[in-house]
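Engineer: Put chain C on the given structure of chain V with help from the hints.
As you go down the protein sequences, you meet chains V and C in turn. Residue 47 in my numbering sits at position 47 of the first sequence; the count goes up by one each step and never skips. Just remember that my numbering sits 301 ahead of the position in the second sequence, which is counted from 1.
Keep in mind the hints are simulated off the structure, nothing from the lab. The beta-carbon is built from N, C-alpha and C at its ideal position, and this holds for glycine as well. Where hints are given, some of them may not hold.
What follows is a set of in silico ranges between Cβ atoms, one per label pair, in the way DEER data are often shown [said to hold, decoys possible]: (1) Asp170(V) x Leu584(C): 50 to 58 Å; (2) Lys517(C) x Ala32(V): 40 to 48 Å; (3) Ala37(V) x Ile601(C): 56 to 64 Å; (4) Asp343(C) x Arg149(V): 19 to 27 Å; (5) Gln14(V) x Asp343(C): 54 to 62 Å; (6) Asn397(C) x Arg26(V): 31 to 39 Å.
Each chain is listed here by its residues.
There are 2 protein chains.
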Amino acid sequence: MNNFADRLIKQIKQKNSRIIVGLDPRLDLIPAQFRPAQARNDKSAAACITRFNKALIDLLHNNIVGVKPQSAFYEKYGPWGFKAFFDTMIYAKKKNLIVIADVKRGDVPSTAQAYAEAYLGKSSIIDAITVNPLLGRDSLDPFIKLAARNGQGLFVLVKTSNPGSKDFQDQVLSDGQRFYETVAQQVVEWGKPLTGRSGYSGLGAVVGATFPDELKKLRSLMPHNFFLIPGYGAQGGQTEDIKSAFNPDGLGALITAARSIIYPASFLNGQRDESPKIKNWPLKVEQAAGQMNREINTLIT
Amino acid sequence: MNNFADRLIKQIKQKNSRIIVGLDPRLDLIPAQFRPAQARNDKSAAACITRFNKALIDLLHNNIVGVKPQSAFYEKYGPWGFKAFFDTMIYAKKKNLIVIADVKRGDVPSTAQAYAEAYLGKSSIIDAITVNPLLGRDSLDPFIKLAARNGQGLFVLVKTSNPGSKDFQDQVLSDGQRFYETVAQQVVEWGKPLTGRSGYSGLGAVVGATFPDELKKLRSLMPHNFFLIPGYGAQGGQTEDIKSAFNPDGLGALITAARSIIYPASFLNGQRDESPKIKNWPLKVEQAAGQMNREINTLIT
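For reference, chain V alone in the conformation it holds in the complex:
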């Protein structure tokens, strides 16, 4: 099945899940059992991160669509961290998860070509990456071409979940539209060659759960593009806020969560109070993911 959107839909239906778990490792929050015994350096930090991620993947892979490691948290540990980023994705792919590398790259065409080869090359285990559209069509072309050839996907930043997204993305243009709307219209156009049998395009959009009105507007502007939706849970997005993200077919959106699942609050509280509760971490992770899945599936009629 050589189309990203089609592959995604198969996983969603098989698992009855619309969750992508963000793998954003933070050494200070990772349970003690994964932490290095020796003094902390980039190599031991990276080994700790890989152990933690593999444990998360083992716990969750049957009940989630995929994982989204955020490269910043790996680049922080230099080449060793970058290795952990890829080791994590290789392991996730072995478990048949959809792998979305959250790299948000965007550059002039010749450089974008190098980025595209880095993340969407033929032997890549990555299903999709996030990209930044600020540099325009020619800066996304190398990604779109390689993704189309290899059946991979892209999620273009359209309306991000942070409060500061208003500064530039919400600018009103001379025709009365918002800046993010013109980006959205271009994504629809550029995504047509990546359309699968399902009718959905492999060119998706990042749209924050934190702006429900904009989300609703974008759903109607982009009916056949998948949304990758951050901001649910820890960033404040509620279940009702993301209702409009789904099409009547129950498809069209992937809800991401990192902190609220991989460092579940009930575990963190326990960890602070009583160290034996660290043993509860696997259970709390499974419970957090299960609860989120049920919450989201109540929106699917």
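Structural biologist: What follows is chain C alone, placed relative to chain V:
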């Protein structure tokens, strides 16, 4: 001297140069003497890149302000490539060059914090990085704070050199301004706390040499911000096009060039025709940089 703009100006005056050399390694263009003897893999590719970059730095360090490795060309070779990226920057710093990591990162605040720590951390050998402003003020704050604390700089994408920059950066807003102008105004504002004794801010802007009219307009909008100017040489920007980038004090702009210096055309032609001419590469590189320096310095009155 704990301000990036001040440090930059000292180097510019000392060397009478306004050139930043882009280190964008392409294995197919690197002269044969640096290429690996064994079969090509990420490790040997990275070793070849590091050798090539060190040779370039040895040849050029007395006559250029600094270097700008573009991370895409290193990420392409995985963790080994990422190591070559840092090894290159460590070597450049040893030679007292200004080191600008061209990473164009930009993300939601918690992730931007991780990126800032990755590239602008206390022990960093990086003087400045490029950042993408699309996610707004809060997405740049972690970079600005760390840069201010450590005397580092940032170059915010304002008007990029590629033709596609017109798609979104040139959008006309409801007040009649272009999108890139509103970004420019914000950069001026946000850069004030990074102002050095020189009166210049450590918060700079990326502005392409390929759009002379926009460059002129931006110079007057942002008199105290340094411009990092790609697009000269291989991308088509001419000497006259960048005249307006400089303030009357001969400061305010850094002109970058990669392909036209590190793979000089006269060398490439020779390489294709006659292999012994590979020996000419060091001379051709020095000549290309020297010529560019003279061309640019004719603009300084």
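Engineer: Go ahead and decide if the range 31 to 39 Å is satisfied by the Cβ distance of Asn397(C) to Arg26(V).
Structural biologist: With a Cβ separation near 36 Å, Asn397(C) and Arg26(V) satisfy 31 to 39 Å, so the hint holds.
Engineer: Cβ-Cβ distance between Asp170(V) and Leu584(C): within 50 to 58 Å?
Structural biologist: holds, 54 Å
Engineer: Verify the CB-CB distance for Asp343(C) and Arg149(V) against the hinted window 19 to 27 Å.
Structural biologist: Between Asp343(C) and Arg149(V), where Cβ atoms are some 22 Å apart, the hint holds.
Engineer: Does the Cβ pair Gln14(V), Asp343(C) satisfy 54 to 62 Å?
Structural biologist: violated, 34 Å
Engineer: The hint says 40 to 48 Å between Lys517(C) and Ala32(V); measuring C-beta to C-beta, is that right?
Structural biologist: Roughly 59 Å apart at Cβ, these two residues miss the hinted range, so it is violated.
Engineer: Could you tell me whether the CB distance from Ala37(V) to Ile601(C) stays inside 56 to 64 Å?
Structural biologist: holds, 58 Å
Checked against the numbered hints given earlier, this structure breaks hints 2 and 5; the rest are met.
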